[in-house]
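Be aware that the first sequence starts at 1, since it is given in this note's numbering, and climbs by one per residue.
Be aware that a few hints might be false.
[To be verified] The list that follows gives simulated cross-link-like pairs (lysine to aspartate or glutamate, EDC-like), each with its CA atoms no further than 16 angstroms apart:
#1 169 <-> 209
#2 316 <-> 222
#3 198 <-> 162
#4 574 <-> 528
#5 327 <-> 368
#6 169 <-> 61
#7 242 <-> 210
#8 525 <-> 551
No wet-lab data here; the hints were simulated from the structure.
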Amino acid sequence: MLHERRGATLAPRVIIWRTSMPPTPDRDPYYRLRHSAAHVMAQAVLELFPDGQIAIGPPIDDGFYYDFALSRPLTPEDLGDIEQRMRRIISERHPFVARVVSSDEARTLFTDQPFKLELIEGLSRGQSEDGSSADVGSVITTYRHDTFEDLCRGPHLAHTGEIPLDGFKLTSIAGAYWRGDERNPQLQRIYGTAWESKTALDAYLWRLEEARRRDHRRLGRELDLFSTSDDVGPGLILWHPKGAMIRVLAEDFSRQAHLANGYDWVYSPHIGRAHLWETSGHLSFYKDGMYAPMDIDGEAYYAKPMNCPFHIQIFKSQLRSYRDLPKRYAEYGTVYRYERSGALHGLTRVRGFTQDDAHIFCRPDQVEDEIGRTIEFSLYVLRAFGLTDFRAYLSTRPAEYVGDIADWNRATAALQRAIEAQHIPYDVDEGGGAFYGPKIDLKVNDALGREWQLSTIQFDFNLPERFGLTFIADDGQPRRPYMVHRALLGSMERFFGVLIEHYGGAFPVWLAPVQAVIIPISDEKHGDYGQSVEQRLRAAGIRVELDQSRERMQLKIRRAQLQKVPYMLIIGDKERAADAVAVRLRSGDDLGALPLDTFVARVQAEVAARAL
RNA sequence: GCCGGUGUAGCUCAGUGGUAGAGCAGCUGUCUUGUAAACAGCAGGUCGUCGGUUCAAGCCCGACCACCGGCUCCA
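Start from the sequences and build out the full structure, keeping to the hints where you can.
In structure tokens, the structure reads:
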């Protein structure tokens, strides 16, 4: 019943820089600038659409947005027009003026603005803009500049002229539901970004550009790693040989690590009887995420959205003694989950994916130790892939839950102690756990500082009950085991996407699908030596390609560079005479001629160490 | 699923109702090369799919499919 919160890590294409909380005035030095820019933008939009309705326009990471209800859809061309008007308003240096108004005054002021009226109603009932509770009795304030007055708690800049004329940019138009609820009307949202200077704006735009260059969908095609096909269907990934090579290497490493750390490897089928999913509760709670059943001999079978019921069956296949515990069953389990068409995204949000899933069944007295080892193991595996910057999120018991509160407390405390023992920063999401148990999610920051959720470690007080799991305790009595779901890399598809972006396609030698390209200077004169080098490197376990094309060396180097191959081995007369290769790194560094044996030893050492 | 955008050669893109284009990649030939693109030629497209408007549709209209940016969802 592993449930990753995948969406949290991928929805924004605008980069999130190490922040997981919305900006606040005291925490974000850009708050005033961006909030003020949002107001200026709203004025500009209302100039274009005098009958337009305004909703909310907060600062966000890296920028701001404002939501509108307008008489016609905005087009990208409108953004230029709006920016022009914003520049004029900024140049006019209108002061931002705050004032306190009564509810009645506010209602009069915003009489043509139904969304504002709704906010005012909320405010007078003690709710803040986003519907969360605010201080009761908080006053209603507005901020005005030029012709635009907005319901707003501020703070703002002193005047519009403090927004740099060349430090902001409107970036995109999107649909957004009023108050984020799809039952509400859909508004038009304009996103913008604002910085203290053109230099800072340019730096931000460069980061966006860099993120675009690293986009795993782009690199997936350029490096021939994976694809999807209209004929196969959306959200279903085809792993090409080079992508599959990386996956094989990653899986082999992780599987060996699991076996070395007390896990038993298992395999389970892709489908199971409806009865199984009724028992597990998936058909009552998770049916929307499951595909329609198939009929086999008059019985309904479902493609699995999770692996847990199968691992549970393995546990149940015989009587378990307390001496047998813990049992740790691991599998690369391929699951199928329905995702709404609009949610699909590259490798990170798909309809079929493979989890590095495991289920741990243990005694109550083993919980603490098991959780500690699991988190430590997770960090070990992730670090091997070059991910080093972690943050943990502990989610505790929600209002509605199953199981015994003492079990919850014990499990939550174990999670907390384990994460503290690893000295990783963590946040607590009080009440944020699933109904069946508390959990810890591990998120990593990649090379661009973007946060991705990967590992999740979840207690389950539900399934052991539903399936009637027991072990025989030392007093001869059956007891209920604790059950923990965990995935470390999450899904292989999504992890691959993260890796691609983290490395920008330049994988470390141990993961590179092609580790070296042999580049003969002349295919006629050095082709034979090239084949000999290829053969010997291959025999030494190195993944090597020989570029036999009749092109000049420069082009062959360029092609290898673009494919981000770690080593380019140039061979000419000198190298052939010395039984050597002239080694060029993808960084552009030239190591000069190395004896072939020396090169082999170097690569083998790097692979053995999984050097990054 | 919803809002908006996009869909033309393997890739990146031009083409605003009148004979489908470029660069790269591919193929062929010449060149046999010393650290990021030799030169020339050839070939390659039912313009996402289906339907409609028109004498004529890549272009206008409709439906559907997919992708992109968001929203929503993620027991």
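Query raised in the report: Taken at face value, is the distance from the CA of residue 210 to the CA of residue 242 at most 16 angstroms?
Result: 23 angstroms, violated
Query raised in the report: Does the structure keep residue 169 and residue 61 at a Cα separation of 16 angstroms or less?
Result: With a Cα-Cα distance of about 14 angstroms, the restraint between residue 169 and residue 61 holds, given a limit of 16 angstroms.
Query - Proposed proximity, residue 551 with residue 525 (alpha carbon, max 16 angstroms) - result: 13 angstroms, holds
Report task. Measure nothing beyond the straight line between the CA atoms of residue 327 and residue 368; if it is 16 angstroms or shorter, mark the hint as holding. Result -> OK: residue 327 and residue 368 at ~15 angstroms, within 16 angstroms.
Query raised in the report: Given the hinted pair residue 316 and residue 222, is their alpha-carbon gap at most 16 angstroms?
Result: 47 angstroms, violated
**Report entry** Restraint check for residue 169 with residue 209, where alpha carbons must lie at most 16 angstroms apart
**Finding:** Answer holds: residue 169 to residue 209 is near 15 angstroms, not above 16 angstroms.
Query raised in the report: Does residue 162 lie within 16 angstroms of residue 198 when you go C-alpha to C-alpha?
Result: The hint holds at about 13 angstroms.
Query raised in the report: Does residue 528 lie within 16 angstroms of residue 574 when you go C-alpha to C-alpha?
Result: Measuring from Cα to Cα gives roughly 14 angstroms; hence the hint holds.
Against the hints set out earlier in the document, violations occur for numbers 2 and 7.
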